Amino acid sequence: MSDFKPIIALSGVQKHYGAYHALRGIDLTIGAGEFFSLLGPSGCGKTTLLRTIAGFEDVSAGCVSIAGVDMEGVPANRRPTNMVFQSYAIFPHLSVAQNVGFGLRRSKMPRADKARAVDEALAMVGLAGYGARSATALSGGQRQRVALARALILKPKVLLLDEPLSALDKKMREQMQSELRRLQRQVGITFILVTHDQEEALIMSDRIAVMFEGEIAQLATPQMLYRRPLSRRVGAFIGMMNFLPADVRAVDGDTITVEIAGLGRCMIDAEQAPAGAGIGTASVGIRPEMLAIAFGPVGANERSINGMVAEVNYYGDMTFYDIAIPGMSAPIAVSMKNMPGRPVLDRGDAASVIWDPRALVLFMD
Amino acid sequence: MKARGLRAYVWVYLIFLYAPIVLLPLFAFNSGSVIAFPLADFTTKWFVELSRISALHAAVRTSLFIAVVSAVLATTLGVFAAMASTRARFPGQRGIMGFIMLPLVLPEIIVAVALLVVILRLGLGTGTWAVIAGHVLICTPFTIAILRAAFASLDASLEEAAQDLGESRLATFRLVTLPLVIPGIISALLISFTISMDEFIIAFFLTGTEPTLPVYLWSMLRFPQQLPAVMALGTILVVLSVLLITVAEYFRRRGIARAGGQDSGGFL
Amino acid sequence: MSIGAGLQRKLRSKSGAGLLLISPPALYAAALLAVPLGAVLIMSFWTQTGIRDFDMTLTLAHYREAFADPLYRQLLLRSLGIAGAVTVVTVVLAFPVAYFVSFHVAPNRKALWIFLITIPFWTSYLIRVFLWKVILGFNGVVNSGLQGIGLIDEPLSFLLYNVNAVVITLAHAYAPFAILPIYVALEKIDRSLLEAAQDLGENAVMRFLRVTLPLALPGVLAAILIVFIPTIGDYVTPRLVGGPDGLMIANMIHTLFLRLNNAPLGAALSVIAMITVAIAALALMLLTRWITTGGKR
Chain W
1 MSDFKPIIAL
11 SGVQKHYGAY
21 HALRGIDLTI
31 GAGEFFSLLG
41 PSGCGKTTLL
51 RTIAGFEDVS
61 AGCVSIAGVD
71 MEGVPANRRP
81 TNMVFQSYAI
91 FPHLSVAQNV
101 GFGLRRSKMP
111 RADKARAVDE
121 ALAMVGLAGY
131 GARSATALSG
141 GQRQRVALAR
151 ALILKPKVLL
161 LDEPLSALDK
171 KMREQMQSEL
181 RRLQRQVGIT
191 FILVTHDQEE
201 ALIMSDRIAV
211 MFEGEIAQLA
221 TPQMLYRRPL
231 SRRVGAFIGM
241 MNFLPADVRA
251 VDGDTITVEI
261 AGLGRCMIDA
271 EQAPAGAGIG
281 TASVGIRPEM
291 LAIAFGPVGA
301 NERSINGMVA
311 EVNYYGDMTF
321 YDIAIPGMSA
331 PIAVSMKNMP
341 GRPVLDRGDA
351 ASVIWDPRAL
361 VLFMD
Chain Y
1001 MKARGLRAYV
1011 WVYLIFLYAP
1021 IVLLPLFAFN
1031 SGSVIAFPLA
1041 DFTTKWFVEL
1051 SRISALHAAV
1061 RTSLFIAVVS
1071 AVLATTLGVF
1081 AAMASTRARF
1091 PGQRGIMGFI
1101 MLPLVLPEII
1111 VAVALLVVIL
1121 RLGLGTGTWA
1131 VIAGHVLICT
1141 PFTIAILRAA
1151 FASLDASLEE
1161 AAQDLGESRL
1171 ATFRLVTLPL
1181 VIPGIISALL
1191 ISFTISMDEF
1201 IIAFFLTGTE
1211 PTLPVYLWSM
1221 LRFPQQLPAV
1231 MALGTILVVL
1241 SVLLITVAEY
1251 FRRRGIARAG
1261 GQDSGGFL
Chain B
2001 MSIGAGLQRK
2011 LRSKSGAGLL
2021 LISPPALYAA
2031 ALLAVPLGAV
2041 LIMSFWTQTG
2051 IRDFDMTLTL
2061 AHYREAFADP
2071 LYRQLLLRSL
2081 GIAGAVTVVT
2091 VVLAFPVAYF
2101 VSFHVAPNRK
2111 ALWIFLITIP
2121 FWTSYLIRVF
2131 LWKVILGFNG
2141 VVNSGLQGIG
2151 LIDEPLSFLL
2161 YNVNAVVITL
2171 AHAYAPFAIL
2181 PIYVALEKID
2191 RSLLEAAQDL
2201 GENAVMRFLR
2211 VTLPLALPGV
2221 LAAILIVFIP
2231 TIGDYVTPRL
2241 VGGPDGLMIA
2251 NMIHTLFLRL
2261 NNAPLGAALS
2271 VIAMITVAIA
2281 ALALMLLTRW
2291 ITTGGKR
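Chains as they are written, first to last, in our numbering: chain W, 1 to 365; chain Y, 1001 to 1268; chain B, 2001 to 2297.
It should be emphasised that the hints constitute simulated quantities derived from the structure, not laboratory data.
Note that the structure is predicted; figures quoted are calculated from it, not measured.
Warning: the hint list may mix true and false statements.
Unchecked claim - Per the computed footprint, the stretches of chain B lying under chain Y, defined by three or more beta-carbons under 8 Å from a beta-carbon of chain Y, are:
| no. | segment |
| --- | --- |
| 1 | 2035-2044 |
| 2 | 2111-2118 |
| 3 | 2121-2133 |
| 4 | 2138-2145 |
| 5 | 2224-2232 |
| 6 | 2267-2276 |
Beta carbons: idealized from backbone N, C-alpha and C, even for Gly.
Using the sequences plus the hints, can you model the full thing?
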């Protein structure tokens, strides 16, 4: 993002329900035109956070500002945000066109203009001609598009989406993911998406805030989140990761020497470790696709370790192997693309695992 | 084979349930002046006689007035209570709601006696408004039950969506909540109306010089020669009740379907 | 944040809005239920000296009279007995009907059946009781019918104006009250539980006894409550079909209030009736809770 203009700023936002802390101090800035995701397991507070931005929940402490204006005391119906609800909240007693045009009732547009805006909004979400239909006669995917059209027609500064795809089946979900991205680029406004599906967040977002238990654990681009998780928890939540116990032997400027159970000693760059990493017990993470099984001779500069196939999981495009390696308490997961000429191993086969120190991530927790 | 025995039992049961009511038209059109078999000739004279009793007409008017006022008041209170219990949390909720629903499990004579005591002590008169007060008390739990189901089958995010799209709380109620709840409201009105029209014991205790229809009916029961007319009146009342309840049920189902909910099969 | 904004936020909050909404019905119930019930309680300790005059010195004399005088004691016991008999008869007869509709009727017809079963409930209670008087009377429908087809020569006199007539009439009137709660409880039973029981080897009778009946018990207990409570305080039925031996406590309360000008004694009897009802209700609710939590404390 070349010029980052903040559109949403949260500082010190907290939310308590009696003794239960749903949000424990959220500081966050979201830029205009960003596709931003709040990602986390259920109960982490992401929906609560979305609702405080929308105005359906008051904050117990802290400040929410949208486009530079403090939203304290501003009710939901006066905020420059619009929301797509998880259940879509399509008004069953109105037609599709009446649903989409619902928010225009209070505007002073002449009726012909309103009708045109409704038609354009429906065309934008691929439902041209559906205006006269009853809202109860729609499929799940169609309802979702009506909810989108209804929100976007009001040209909000920020569109909030509360797990919009969780009720759809897999194929529909994948289709809607690319549709939402396309829509966001076309319309150019800020989207804030709440989801528990990390794949979804990675595919669609410019930046992601990973939340656990009411706090932001890490805020980064999808790439940074995937390649450099700051904590074991984030590393385990996004994609799959092998965790190995390790010891930090020396810290020398930009280079850190680690001793890893089963793999041996190696040196890693300081940027592969959290700030303030020091000598002592630690753990390293390495993603299954960063490991490889040697199907030919191992190169001179490559490091490899011998082991045995404990389990084979065939996925069609990939095969995931669990390789038992002496010195490791649990097998390590290695994923290999299935290619012509490359065999799929069996349980009990011997296998050499090739690994690269540059793929390691150090965790001090 | 077990089902067949059970089915036979249920049919016998239903016959037992409906049998007394079936007698009404049977003897309403019977020219004999004693309610007994064998039947005599067909006649409509008892209905004609009914139309001549002016005291009866006055009682009908009184009952109608009381029923309409009670229905409106009970339904209004029911809307408040249903909204409070489905849309909000407030301290002491279970206790307060339990107390409001108490008349459902109190024998009606207790309610009648209690109201009578208060009215006597405060020097207020018995009469139409006292009866209305009592009827509103016993009808409100029913309206609450119906309206709670109607409000609960409304997705709460529909109201939030309306606000998100710019409408105030009041406008949301008018544009979204009310249209979806109207069938439930109509059903509640009809139920309260029917309960009030048929209610006897509270009216018996609290009515003054203007008896309600059931109270007047009670006085008719003392005179054997009036019994066939009672049968005719009973026939009319039963037909009207059944019609009203069918309409109420229709609206109750329509309300649930309109809001996209599931029918649990009854008021309770 | 100013006080006004704070108050606004309180009112906009869910609990503030809830209290505001519940206040009209709550206040109405407080004024027209709590206060009158309290008044009845207080009046039961007074003595009536004239048509509208009362001696307000507190006394337990009426309660003593209610328990000591055999007339009232007998009346109370009879009311309890009748209500108990009606409850047993009604609930036992209702269970198979509820079971039939829940298990042997197509799902899209169930609401219709329930509707048909409850229609008689919505017709005038007075009329229905009066019809029973007509049916059971000396020259009534049953007698004239049986005589007409020659089954009997003399009319049967034991049908009317006694406790039997009261029980029959009340059982008829309260039948739908019993069917509905049992039906609701039966509907809630997950059918796959019965399939599992069958898979584990139980026949139909055992499945009913070991799965269906225990799970339906809360509904049965609710039905018992729903029938027992209004029945014990019924006025119309004992008055019309009970004769001198079939009168119940509500009739005596009415007489004391409106004929004998002894409101305090009537109030005392009302209080006793209310307490009886409350004890029965509490006992049944505790029983329900004990059963549904698996019989453990």
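Earlier hints that do not hold, by number: Of the numbered hints, all hold.
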